[in-house]
Amino acid sequence: MKRSLLSLVRRGLFISLVFATLAVTRGSVDDAQSFALQAAEPYVKEGFQVREDYWGGDLGVGEKKAVRQQLFKGNEYWFWMGTEVERAKVSVHIYDSEGKLAEQPDGWEKGHFAAAHIIPKGTGSYFIIVAIEESPEERTHWALVYGFR
Amino acid sequence: MTPFVKYLNITIAGLMALTLYASAAQAPQRIDVKNLNLSIKVDNVVVPLPNEVFGALNKLGPVNWKEYVRSDRGSNFTERPRIALLLGSVIADGFIAVQAEDAPAVKDIGQRVLALSKGIGVGSSITQHAKAIIEYADKRKWENVRHELDLTQNSVQSAMNEVHDEKLSQLVSLGGWLRGTEVLTSVVTKNFSTGGAELLHQPDLLVYFNEKLQAMPEYKMHLLQEIHGALIEVKPLIDVGNQKISPESVKKINEITTRLGTAIVTKD
Numbered sequence: 390m391k392r393s394l395l396s397l398v399r400r401g402l403f404i405s406l407v408f409a410t411l412a413v414t415r416g417s418v419d420d421a422q423s424f425a426l427q428a429a430e431p432y433v434k435e436g437f438q439v440r441e442d443y444w445g446g447d448l449g450v451g452e453k454k455a456v457r458q459q460l461f462k463g464n465e466y467w468f469w470m471g472t473e474v475e476r477a478k479v480s481v482h483i484y485d486s487e488g489k490l491a492e493q494p495d496g497w498e499k500g501h502f503a504a505a506h507i508i509p510k511g512t513g514s515y516f517i518i519v520a521i522e523e524s525p526e527e528r529t530h531w532a533l534v535y536g537f538r
Numbered sequence: 397m398t399p400f401v402k403y404l405n406i407t408i409a410g411l412m413a414l415t416l417y418a419s420a421a422q423a424p425q426r427i428d429v430k431n432l433n434l435s436i437k438v439d440n441v442v443v444p445l446p447n448e449v450f451g452a453l454n455k456l457g458p459v460n461w462k463e464y465v466r467s468d469r470g471s472n473f474t475e476r477p478r479i480a481l482l483l484g485s486v487i488a489d490g491f492i493a494v495q496a497e498d499a500p501a502v503k504d505i506g507q508r509v510l511a512l513s514k515g516i517g518v519g520s521s522i523t524q525h526a527k528a529i530i531e532y533a534d535k536r537k538w539e540n541v542r543h544e545l546d547l548t549q550n551s552v553q554s555a556m557n558e559v560h561d562e563k564l565s566q567l568v569s570l571g572g573w574l575r576g577t578e579v580l581t582s583v584v585t586k587n588f589s590t591g592g593a594e595l596l597h598q599p600d601l602l603v604y605f606n607e608k609l610q611a612m613p614e615y616k617m618h619l620l621q622e623i624h625g626a627l628i629e630v631k632p633l634i635d636v637g638n639q640k641i642s643p644e645s646v647k648k649i650n651e652i653t654t655r656l657g658t659a660i661v662t663k664d
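Order-wise, the sequence lines are chains A and B.
Counting with this note's numbering, you get residues 390 to 538 for the letters of the first sequence.
Counting with this note's numbering, you get residues 397 to 664 for the letters of the second sequence.
Calculated directly from the structure, the hints in this document are not laboratory data.
It cannot be assumed that every hint is accurate.
A partial selection of chain A residues facing chain B, derived with a Cβ cut-off under 10 angstroms [as the list claims (entries may be wrong)]:
| hint | residue |
| --- | --- |
| 1 | VAL418 |
| 2 | GLY463 |
| 3 | HIS506 |
| 4 | GLY513 |
Computed from a prediction, not measured in an experiment: that's the story for all the values here.
We put the CB at the ideal spot given by N, CA and C, even for glycine.
Make the full structure from the sequences, and use the hints.
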């Protein structure tokens, strides 16, 4: 009886721990998203419609991830990346379907924020490459949002 | 140390720091996209919202959007995949009605989106957005309506993903994309321009949707098979490399997407 009670308590603790870990992980990607949206804020006043959807996850230092994105000629796009790890440095760059750097020169990287700007020369698929350049964390949460006008 | 040497040292140190900073910030001019999958993880292609393509289309010349506002909101279905397709299509109709600044149509669409979402079990997550769509349409605040339509689609898909209904979520995107493409091709057929036709250059999206449809064998619906076949038919018409998409191809895609659009809103 005692043993089964102990086992139940242990199981309960384990389940709580799993849920707590999941909540922290989820919360961090959501936090990263709020930083990405913070970077986007000034652009909304310039007429950019920021999409509700976002892309995120976690990466180690020096790791990269590519997001394929359909862009339309005639529109202008900004991509904003953010992380909640304030001492991290992140980067985002845009390449066309042939692998050529296609972004405007006014993209920027400011610590845990980064942004890339593109006025597509053609309609088609582009690659948005995100990277964690520096971070005190083993894995760093990131989020990417985009806007267009 | 003479002042000159000191100055030289500072300059060299400054230049080195600048070089280091530049190399940290500078992105390679080229990447090997063919082997990208081997070096880094590549996510699925992101499905654009219909208003992204409508925005680009608007910049090519005036479009009489009122002509494309649809009054037929579709039948009442019980099969969830059909509701999902129709929901995506109706949200796309919402973006068209916003382009046309047609408040009664937007309000009607807000109600329809709510009913369809309830039919698929995600009504509670979009009730507030449906209300907001109607309120903003009354006030003719079109930017806010657009934002609420985006929020609606996002909330519906998030709710579906949370209960592991990712396939239904993909059908919502597909329904929206088909309706958007139907209207895009209709506009470009009426007033052909190479710039308008180029907006159809979306081969990766076709591949993406076809892969997703192939991974839905449990939905034994004729309509999904028909869409799958149609996407295969459309691919060579838009995947033309550096060539231009012809007026004939645009017309053909319009016929195909109009046929599918009608099938999505009508009962078999």
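> When the hints from earlier in the document are held up against this structure, which numbers fail?
Replying inline: 1, 3
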